[in-house]
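Chains as they are written, first to last, in my numbering: chain H, 1 to 350; chain C, 351 to 572.
You can take every hint at face value.
Taking lysine-lysine pairs in the DSSO-like style, the calculated list, with each CA pair at most 30 Å apart, reads:
id	chain 1	residue 1	chain 2	residue 2
1	C	K468	C	K389
2	C	K507	H	K43
3	C	K507	H	K42
FYI, nobody ran anything at the bench for these hints, they're computed from the structure. Since this is a predicted model, take the numbers as computed values, not measurements.
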Amino acid sequence: MAERILMKGNEALAEAAIRAGCRHFFGYPITPQTEISAYMAKKMPKVGGLYLQAESEVAAINMVLGAASAGVRTMTSSSSPGISLKTEGISYIAGSDLPCVIIDIQRGGPGLGGIQPSQADYWQATKATGHGDFQLLVFAPSTVQEMANTVFDAFELAEKYRMPAMIFADGMLGQMMEPVTFPEREPEISEKPWAADGHKGQRTHNIINSLYLQPQDLERLVRERFERYDVIKKTEVRYDEFMTEDADILLVAYGATARIVKSAVVEARSKGIKAGLLRPITLWPFPSEAIAAAAANTKAILCVEMSMGQMVDDVRLAVGGKQVDFFGRTGGIIPTPAEVLAQIEELARR
Amino acid sequence: MPMGFLSDSDRITVITGHYGSGKTNLAANLAFRLREEGKEVTVVDLDIVNPYFRTADFSRSFAEAGIRLIAPVYARTNVDAPVLPPEIDSVFFSTDHVIIDVGGDDAGAFALGRYSAKLKAAGYRMLYVLNRFRYLNGEEQEEQELIPLIEAASRLKVTALVNNSHLCNETTAGHLAEGLEFAREISRKTGLPLQFSTAPKGIPFPEDEPCLPVDILVKAPF
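Just need the whole structure built from these sequences, with the hints factored in.
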């Protein structure tokens, strides 16, 4: 049996990336994700990989662009303000149809904000990670084990669809320690005939580029990219449901917040309130259909986030004209199960 | 002296170890235990490396128990600045039992070096906390490699090991037995005595060994 050990979320992400075949990591420190860089600095040389601490987040993401162009598995990580700095490079990577994995261990914002956990970058991750018409695959794990598993999927789907994938977590998940077993899973590294890895006189040049001076060319490429997005929306949606079958009150929450909500749902059930939780695992593609189905017979819908309510609009779109209530804490404050339970009880009385 | 972990001669206890080995949980449990025995206790949070999961998180329960806490100036705020309070020096003039919770690894022990001369003059014991389940198979040598690095960074000597092996809420008696075996092996290889082990309350410790039953105080909010 595979070994079960204690790891911080950040360490598990780094170890899983190495196991998934990533040998090129470009980092820059920022709380609360620095353990990823520290782990990579320690372990990459032992597996013949490259850890490089760049001079800035901007440099690191451009190094990822370069490594991805050469067809290798590559990753960078940061936390909210650092991701803002990377967004230009992420847009270039998307515009060049390159796969990579970007980890965001969110902290409070805007600006330098704070260093405590937050989910206030949902809009950034799902709607505006840089300029231009593009999307990222966005995974929101909620346990250290799921963080480890997701790294493999993120690399594989990024390569399959030739686009960047983000693992979107928060300071609590990054810092907390939980038992984890690494999947006995051989990385499936696909052939990359498009890579600029040397033509050796055997083929024509591969050109990696995001600049198209002819608008017709650019439109054609963007449309082709969006056809891929349509496939992803049909086939790659992931979510988890907990006691939603007979729920009167449907809660929607992701990441660490989903675990707080789950505790509140269990507590509500013990008080005779039929609450249930739908947890989006992919934030893009968003599980709109699943939420609509789960909400079909509920009396109330409550979205809970560590933000002022950024996912709530996507939930509202999913459920058509139904009312969606929101509860959240922000600025680095973690909602408690008791606070969420109080919201559920209020909805039950309504 | 009950079971070898709370000696009156050890007025100042310094807790070091691998990042995430359980130093803070041990420090808090030792503090409450000493206080229950009627001792005056001061806890020093010397972790200026990691702003998450730290002894300063227990400020309220320490205050309720009558335990004095000295924490970095900006601990538990949004300012991530490595500033140590001058109050720390007061521990060298008091008669309190003092528990110094140091940051993880040699990086965390660096701040401790600032007090090495005073600690040597006052006398101290420096515990190195182990958790077998923090590591992947085949990485046990990391413990042996880390001890001299922590000693070099702090300019102090580790005097004993504490076996704090556990697997969070999945811990079984079997894990504790495996952890003890691991700690004994490290003890043999380093020549450092194994002072005591910990066991989460309610889980039987397998052998007639010095053992501190501990509450899980460092935990996530769900």
